[in-house]
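Q: For the record, the sequence lines run as chains A and B.
Under the numbering used here, the first residue of the first sequence carries the number 1, and numbering increases by one thereafter.
Under the numbering used here, the first residue of the second sequence carries the number 1, and numbering increases by one thereafter.
It is worth saying that the hints were derived from the structure and are not from the lab.
Treat the hints with caution; some may be incorrect.
[As the list claims (entries may be wrong)] Short, incomplete list of chain A residues facing chain B, as computed with Cβ under 10 Å: (1) ALA2; (2) SER33; (3) GLN37; (4) GLY42; (5) GLU48; (6) GLU52; (7) ARG67; (8) LEU83; (9) SER86; (10) LEU88; (11) ALA92; (12) GLN103; (13) VAL113.
Glycine included, C-beta positions come from ideal geometry on N, C-alpha and C.
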Amino acid sequence: KAGVTQTPRYLIKTRGQQVTLSCSPISGHRSVSWYQQTPGQGLQFLFEYFSETQRNKGNFPGRFSGRQFSNSRSEMNVSTLELGDSALYLCASSLVDREWYEQYFGPGTRLTVT
Amino acid sequence: DQQVKQNSPSLSVQEGRISILNCDYTNSMFDYFLWYKKYPAEGPTFLISISSIKDKNEDGRFTVFLNKSAKHLSLHIVPSQPGDSAVYFCAASEISTQGGSEKLVFGKGTKLTVNP
Chain A
1 KAGVTQTPRY LIKTRGQQVT LSCSPISGHR SVSWYQQTPG QGLQFLFEYF
51 SETQRNKGNF PGRFSGRQFS NSRSEMNVST LELGDSALYL CASSLVDREW
101 YEQYFGPGTR LTVT
Chain B
1 DQQVKQNSPS LSVQEGRISI LNCDYTNSMF DYFLWYKKYP AEGPTFLISI
51 SSIKDKNEDG RFTVFLNKSA KHLSLHIVPS QPGDSAVYFC AASEISTQGG
101 SEKLVFGKGT KLTVNP
């Protein structure tokens, strides 16, 4: 079974621009979560989508948004990029079973804002 | 406020010995705990988990212990191997009452180095 895939793997953007990152979950997984990893803050939860609905959201400004499509693929968008948005953005998918909560991560998208 | 804490940023162990990674949490609503391993330039890989109704879960060389009263969990790796060298993240999950939504809260990680 193919793992979680994320595109692109690397991205360089300029302050003020916007960016869209894509995530394809493991086949059959309906929940997709997004995390931001930075050296200072570690892994921080951005949001979770299930059946095209955002069910949970972390403490990030409204510049960070996402969506999920009917095939469970997800995108996240960051508008008006700031230097502090430079980070590794990780997507994770899970099966969503009340007895099974493991999340499986993709390799991440390394975003650099200059 | 950091709800999941890994107080040791690094740990060095000899091959064949036991590695013990520790994690503390503050939120008593957490009911599921996970350990992830991360190599550079890769996403975290799920390692082992434990539900709050248990105090121990074992999978091969990996054992996780949970002490709910102390709000503490630990990961034991026995015997440690050089390939275990990675950053280990502890994570906790609080299951939302609305539709089972999950959110993982991560510690900042402990870098384990297993020396040959």
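Q: Look at each hint and say if it fits the structure.
A: Each hint tested on the structure:
Restraint check, ALA2 of chain A versus chain B: the minimum CB separation of about 14 Å is more than 10 Å; hint violated. At about 7 Å, the closest approach between the beta carbon of SER33 of chain A and any beta carbon in chain B falls short of 10 Å, and the interface hint on this residue holds. Against a cut-off of 10 Å between C-beta atoms, the interface hint on GLN37 of chain A holds, since the closest Cβ of chain B lies about 9 Å away. The criterion of a C-beta within 10 Å of any C-beta in chain B is met by GLY42 of chain A, whose closest approach is roughly 4 Å, and the hint holds.
A cut of 10 Å between beta carbons decides the hint on GLU48 of chain A: the least distance to chain B is about 6 Å, and the hint holds. Because the closest C-beta pair between GLU52 of chain A and chain B is about 13 Å apart, greater than 10 Å, the hint is violated. Proximity of ARG67 of chain A to chain B is violated relative to the hint, the smallest CB-CB distance being about 16 Å (cut-off 10 Å). Annotation: LEU83 of chain A was flagged as interfacial toward chain B, and the flag is violated, the nearest CB pair being 21 Å apart, outside 10 Å.
The interface hint given for SER86 of chain A is violated, since its Cβ lies 16 Å from the closest Cβ of chain B, which is over the 10 Å cut-off. Against a cut-off of 10 Å between C-beta atoms, the interface hint on LEU88 of chain A holds, since the closest Cβ of chain B lies about 9 Å away. Because the closest C-beta pair between ALA92 of chain A and chain B is about 8 Å apart, less than 10 Å, the hint holds. The closest approach between the C-beta of GLN103 of chain A and any C-beta of chain B is roughly 6 Å, which is under the 10 Å cut-off, so the hint is satisfied.
At about 19 Å, the closest approach between the beta carbon of VAL113 of chain A and any beta carbon in chain B exceeds 10 Å, and the interface hint on this residue is violated.
Hint violations for this structure: numbers 1, 6, 7, 8, 9 and 13, all remaining hints satisfied.
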